[in-house]
Structures are given as C-alpha cells and as structure tokens.
Amino acid sequence: MRLGRSGNLLVDLHIDAPLIGGVLLLCAVGLSVLYSASDHSLEVVGKQGVRMLMGLTSMIAIAQLSPLRLARWSPIIYTLGMVLLIATAIVGTGRGAHRWLEIGPLRFQPSEIMKLAVPLTVAWFLSDKLLPPRLSVIGATLLIVVIPGAFIIEQPDLGTAILVMAAGLLVLFFAGISWRLMGIATAVGIVCAPIGWYTMHDYQRQRIITMLDPAADPLGAGYHIIQSTIAVGSGGWSGKGWLNGTQSHLEFLPERATDFIFAVYCEEFGLLGVLVLLAAYLLVLIRGITICVNAQDGFSRLIAASLTFTLFIYIFVNMGMVTGQLPVVGVPLPLISYGGTSLVTIMTGLGILMSIQTHRRFIVES
Amino acid sequence: MSFGPRMKERSREVQIFHRRIIVAVLGMLVLLGVLVARLVYLQLMSHDHYTTLSLENRLRVLPIAPTRGLIYSRDGVLLADNRTSFMLEVVPEKAGDIEQAVGRLRQFIELDDEQLERFRTELRQRRRFDTIPLKNNLTEQEVAVFSVNRQQFPGFNIAGRLTRYYPLGSQMAAVVGYVGRINEAELKRIDPADYSGTTHIGKEGIERSYEDVLHGTAGYQQVEVNAEGRVLRVVERSAPVPGRDLHLSIDTRLQAAAIDSLQGRKGAIVAIEPETGAVLAFVSNPSFDPNEFVNGISTRLYQSLRESPDRPLFNRALQGLYPPGSTVKPMMAAGAIETGLRQAGDRTYCPGWFRLPNVSHKYRCWQKVGHGGVDLVRSLAESCDVYYYALAKDLGIDRMHTLLTDFGFGVPTGVDLPGELSGLMPSRDWKKRARKQPWYPGETLVNGIGQGFMLATPLQLAYTASVVANRGRKMSPRVVARIEDPATGEVEQIQAVVSPSVAIAKPEAWTAVVNGMHEVVQGQRGTARATSVGASYQFAGKTGTAQLFGIKQNVTLKNEDIVKHLRDHALFIAFAPLEQPRIALGIIVENGESGSKAAAPIARALFDAYFLTTAYGNASG
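The listed protein sequences correspond, in order, to chains X and R. Residues 0 to 365 in numbering that gives the first Met the number 0 are what the first sequence lists, from first letter to last. Residues 0 to 620 in numbering that gives the first Met the number 0 are what the second sequence lists, from first letter to last.
You may find that some hints are simply not true.
Claimed, not checked - Estimated spans, in silico, between C-beta atoms of each pair:
hint	chain 1	residue 1	chain 2	residue 2	range
1	R	Glu185	X	Leu271	49 to 57 Å
2	X	Ser135	R	His17	48 to 56 Å
3	R	Thr130	X	Lys46	49 to 57 Å
4	R	Leu25	X	Leu274	56 to 64 Å
5	R	Leu25	X	Met199	38 to 46 Å
6	R	Thr130	X	Ser40	54 to 62 Å
7	R	Arg229	X	Leu274	32 to 40 Å
8	R	Thr130	X	Gly338	34 to 42 Å
9	X	Pro193	R	Arg229	44 to 52 Å
10	X	Leu271	R	Val60	43 to 51 Å
In short, the hints are calculated from the structure, not lab data. Positions of the beta carbon are idealized from the N, C-alpha and C atoms, including for glycine.
Bound-form chain X, shown alone:
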C-alpha cells in the first residue's frame, strides 16, 4: 500500500504519536477494568471495544481536517447542535429527564455535541477579535455559552451543562479576560448562589447535601458515595488485585461500569495503580498543553487549551466524585467509563488537538 508523500503512516494520517499512544494506553486500561466491573462480560468489553474503534475513527477523521476548516464549520455545528437541543426538549426520551434524541436507529445526547461545539464556536468567534476581548465581545461570547447551557440544565442535566459551559468559559479565560472581571463574576455568582439553590431540582439539592454528609442517608442518596469510598479505601496501596474487588463484584457499588468505574480501579489496583493511571492521563494532558503552546494561530491556541483543560476537568470531577470530594454529577471517566457518547466526544476532541499539531507546517508554508 502506498502511504502518501512521506511514507510515514502517522504523519500522512495526521496522527500525533504521543497523543494516540496515551489514548491507546488509557483504552487498554479501560477495557481491562471494564472486564472486571462487568463481571467478566466479554460482550460488554467487545461492545466498548467497538465504540473505541468508532472513537478512534472519529479522532483520526477529525485530524485530517485543518484547524482553518474546523473554525469555519464551528458555527454550523453549533447551530445544528442547538436545533437538536431544541428538538430534544420537545421530543426527547430518557428516564425522568429528556436527554436523549432518537433519529432512526441512532440514539444520542445532543448535549454531547455541545461539549465540542460550544468551545469551538467561542474560539472561532474570538479568533478574529482583538484580545483580550472587549466587554461587548464577552457579552456575545457569554450568550453563545449560556443559551445551550440553559437548555441542558432544563433537561435536566446539571453536570453536562456545567461541563459544556466550562469548556466555553475556558476559552474566554485563555483569551485573556481580565482577572478583575472574573473576580466580579465570581462575587456575583456567590451572591446569586442562594437563588440558584431555590431554582434547583430536588435531586440536585439532594446531591449537594449528600456530598456534604453522605452518612446522613446511607441507603438512599449517600449510598453511592459511602460504597465508593469503601471501595477506594479498601484498595489500599496495591489494591485487591484485578477481578478481586469485592465491593464491585458483590454489587455493593452502583454504576460500577460507568460513572463509578474509577472506584473499581482503585479497589483492584490501589494507590499504585491510580498513580500509574494519573501518569497516563498526564501524558495526554502534557501533550495537549504542548500542542496549544505550539499552536500557531489564535483559534488553534484557544480551542486546544480549552479541550486540554476540559479533559482535565472531566478527570478531576469524576475522580473527585468517586472519592467523595464532589457531588455525584454523572460525569464519566474519560476513555475508561463504559458508554459510547462521551467516549466519541473525548476522542473527537483529541482529534482536534491532533489536527492542530499536525497541520502546523502547512500554515507556516502558506
């Protein structure tokens, strides 16, 4: 097979080696933990493997597109995403929450699209503005962020909404929005917090109460956190060994293949395993930071930085939730939790990073 101009498959396919190395490493860890968390179900592992292949395909496909093209397509994707969000609000499905949209055989959460579309659009919007952005530009940016955020909160899916908005606001942060402004916004936020409390759904309030005192409701809302901290704590330094986690195998641990898979990992591989996992994540994150530092245009810089740190936020929020430091918000552990939607989103985001890294020389040449 002819492999393009350079004869190097990675270069010709716009694949960044450190990034894909880290991703494959994490995928491998993910599949092995999933095998344990699913009680040795090869079917589940196979299904997730197929999703990973889909994610990898999506990642590599996105990497082929130059950042310039991505920037141009951003508002279109955003608009499409908004249409789907509105459609979800009207005809969406899901238990107690309208999150899913079914089109033919496809069943997905439009909010996932927004995890990428919002930062992309904000980065595109800011890329031809003078930075740091003026107040009017910030106002317009906030609209781009808050409108989809509000729809997602209404679904209701506070966790995703926060992550979507965080991705957009991160772009603003890297665009150099003044510290004074951020300080004012934070102050306003604190003042408005009580109002937010009263507009929350009961279950959202319950989650916050539970996070503050899980023992108050050991069989109800606190059960998740208590059982997952038991799993993490009983793992100790070196863990109970792969497939030997009692908390997970005896069904004490809820959501052990999805949002709480990190607890299974901690129980079976211990702190040592956690440090190895964090190192693998850091490999990806450091590569992402390198890419955004090396990026050669405003759009690339902003979107690369936003995606990299959003990935970190996902990791931190999930691990914080499993270890009982953050409320249970339903954020999967990137590349490891069972489930396709977030996997494909994360991998697509990493594909954008690859695109930025591998398309640099064309920009320089042109």
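Position chain R relative to chain X; hints supplied.
Just chain R now, kept in the frame of chain X:
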C-alpha cells in the same frame, strides 16, 4: 481568519495566552494534589477502616448449631435422641404463583388457616430468596405424598431438621426432663454467641442440669453475600463441636419395674446404689410425655396437664414433700445408742400411749393395745411409737435436729437434678423464725415419729436409706454416671461426692439398727413380714405412714370413711442385701394408707427385678 497586520497585538495575545496556560497548569497541579492527597488519605491512612467496612459489607457469619449430646441409660437404652423431623419450606423466587401452588398442595397436605396466615405474613416480610417454612412436623405419609408430586411444586422443598426425641416418653420424664424453645429469661443467661444457631435449651431434669455438657460448641461459617444479602459462597467453615453424651446410672428395667409396681397410683420411687450414690431408678407417677414440650405444647394439652388433680407435671420424687413418718425411726434409734441414752437391750414399756409429765394429752401408739416391753430391735420391727416418744423426750429437739439433719433430713441431697427441695427438719430456731412461736415439748414427741412439721422428699428418703445401708457413709446421689465425647471417645467418670460420714461412731448402733430393719421384713411380728417370703437374699426396711388427716383424740375412724385423697400416704425405705448393700430405696405411695401393705411389696418387687433380671444384681450377702 486573518493572520495579518496587527503583529504587535498578536504577540501580546500570545504572551497573555502563555501566562494563562501557566496559571491553568498551576491550577491543574493544585487540583491533582488535592486529588492525590484524598486518595492517600483514603487508601493509605484510612485503609484499615475501609477494609473493615468492606469485609463487613461482604462477609456474614452464620452460626452452625452443634448436635446435642445423647442420653443413655446404664443398660445402654437411648433416652434422648436427635431425630430428623421434616418441614415443608418454600423459596418464593423459585415458586412462581405461590397462592395457586398452596391451593393445589392442600389436596395432599393438611394446612390449617393459622399456618397459612403465619406463612403469608412471613412471605411479605422476608426476601424473595429466603426459605420460608410452611408446615412443621410432617408425617411420613405427608412426606411420601409430597415427594411423589413434588414436580408440581417448584420452589417447595422438604427439609429435615434435628429435633429432640425421647423414645421412652413419660417413663423418663422425671429424670431426663426435656428441652424446649429458648425463652427470654434463658436468653439473658446463655452465651449468645454459642447459642446463636441453637433454638432449644434444657428446661427440666438432666437436660437442664447438664445443659453445658449436652449443648456443645457452635460452629460458624463465614459466607460471602452480595448487596442484597444473598449468600454467594462459603468462605470459611469451622465445624461445631457436638455436645457430649451422657450415660445415666438409671437402669431402664428397674425404672420400668418401679412404674409398673405403682400400678397407676400416685407416688414416687427412688433407688440408689449406696456405695456410689448412683441413682438407679427415679420415678414420679403419673408422668407426662416430654416430647409434647419440645416444639411447644398446645395450650389445650398444657392446660389439661396443669389442671389434672393427679398433677402429672409435678416431680414428686424431687419436689414432693411428705412427712417421713416412721421411716425416721432407724435414724432415731442409731442416735439413741450413740448418745448412750439407750442400749440395744433396754426396754421401754408401751401401754399403747405416752404422756408427758403433768400433761393430760395422750400420745398414742398406732397399736392401741400397746406393745408391752419393747427393745430397740422390736421397736423398729413393730414400729412402736411409744418407744420413740420416750426417746424423743430424752433426746430433746436440739439433739434430734442435729442427728436427723446429719442423716440428710432438711438439707438437699445435692443430686445432679435441678429444682431439688430440701424438705424440712424443724428446730427451735426455725419455729421462732417461721412461726414466731416457741417450741413446745409435745412437738418433740411428734417429730420423734416423723410427723408434725417434718417433711422429706422421696429422694431424701432413699438417700437416708442409703446412708443407713452404708453404715453412715454419705454419698450424694448422682444420676449421671459418665460423660462421653462421641468425637474423641474420651470418657469422664462422674465422681461421687463424699460428705463427712454421719456422726455415729459406735458400730453396735449400726448393728442394732440394721437388725431392727431386717426384723421389719423378717421377724414374726415385723410390720412388713410378708415381703420377705421366698426372697433369695436378705434385706432390711422400715415402713412409714404419713398422716394427712388430723384424727381427734378418742375417735376411731375406719379408712373407708375417709375420702381417698385424704387417706394416709404409705412410705417404705429399704436396702438389700444386708451386707455390702447394692440398692437402697425410698418409696411413697400417695394415699396408699399403709406402708406395709402398699409400699413394702414394691420394694420386694424392685429388689427382685434388680437382682434377678439385671446384670448388676448379686443376691449373695
């Protein structure tokens, strides 16, 4: 996009961007630090705590009840067995439509509404995979019918469980007792860990007094459960240590002979081997079937047992209190010689009555016409009351109290059965305390012939007989001869408890007393002379009659005039053979009227049974 002219602004943008990246990286490191600190806290510092929680989560300890020790008689007959009783159980998650299945089941197995009600309540309360009992104690026929049709009833199972069973039923109830469900008071007494799998506990008799020997030690199995509590596998198992077996000194043949000899009359019989204190027979008649009590007796049956005028639940041998009557005379006689107040040949004149100085009241001899001049041997043989009125007057109540207490009256024998009563041996002190009255001299006389305040249990009578048979050596009665560990074969002999001998130092005292008691059954005028006819061995006895009915002075009543339950109790103590006695007896026949007619023949029958039909009997001597 434009990459164009405003290069200066662009480079400033990059500068800001790089600063922001540094801030973000620092923030990321701080958050990572927090996360790692939390993980170190959970996984290293609190590891032990969470390990414990995790183990508590998944491991449950289920007790395994030990098998209760068996009880055997001296002649090897099983007295208390563990039998499999069958119960019908249902596992709801496997059973499908339970109501419909129960409906069909009623064609084969009788189910009353009470059982169904209890079953339905449990069905609602328990988990789907729990086993719920539907009916206890299935008959063999029910088991067979169900087994044939079991494919129609998925989720329904017959389970066997060990239940205590007493093969000899009422025959051994007075001594073996029975087990029953543990009640609240017993729960407080027992070690909850050791009894966590045990449902039954000894309530009466040997079952109760040897509970700790019979029970054994509970075993445990550690099982892994999931979040629902379903048992997934056994992690560790420590086998229970079965209870040890008891071998009683009771001989079932002698026991059966004793019950037969009572011929349905109320009464009690205790037989003791004098040399060892081993209890050979222990009968209280009528009795009850202890099997009824094991799994809870029905209220109706219990009511009828309780309210029966024959009091079958009352353990007469252990707790029945009777005036010992003339059976105290041998001990009085021994005391007479020991104190020097009488020589064996000294005669007391019996005109048929005795009077204290300056008191007009006549204390009458049972023989109204009098015995004439009576020596010690004759006083026993013919049971002359006047001889003992005079002796009692000379001894005084204080010396009598010391003497008779020494023989075992008024103190528990220390038998290894629960609930023994001590009877009553009155004294001046006792009367002051209990009656708030001084002691009257006339009461001394009445006590001299075993009447008045004196009370003794049949066990005590047999014990005093064995003390006389032993010439003063006191061996506490023992029902259990030895304890055997069925697992190891280890045998523990129960040692007889030897108390200091009775303070009768003069050998001639014993000779005279034994001669007198021998004359009772042997002498031409012995009160029980008919009993020894044709016996191939020599024996000794003493008749007694316990008056229940105060007969006024100068009034003669024929026994036929007295309603049966107020007639005198017939008593007899005896031992055989004369030298190196092998068996001593205490016999009471309630309302038997006469010790010589009702009680003494029983002794003969039991001696015969013991010597002629059991291997222990040796008629010589």
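Quick rundown of the hints versus the structure:
1. R:Glu185 - X:Leu271: 49 to 57 Å: holds (53 Å)
2. X:Ser135 - R:His17: 48 to 56 Å: Given a distance of about 26 Å, which is not inside 48 to 56 Å, the answer is violated.
3. R:Thr130 - X:Lys46: 49 to 57 Å: violated (38 Å)
4. R:Leu25 - X:Leu274: 56 to 64 Å: Given about 20 Å between the Cβ atoms, the range is violated.
5. R:Leu25 - X:Met199: 38 to 46 Å: violated (32 Å)
6. R:Thr130 - X:Ser40: 54 to 62 Å: violated (30 Å)
7. R:Arg229 - X:Leu274: 32 to 40 Å: holds (36 Å)
8. R:Thr130 - X:Gly338: 34 to 42 Å: Given range 34 to 42 Å: holds, Cβ gap about 39 Å.
9. X:Pro193 - R:Arg229: 44 to 52 Å: holds (46 Å)
10. X:Leu271 - R:Val60: 43 to 51 Å: violated (32 Å)
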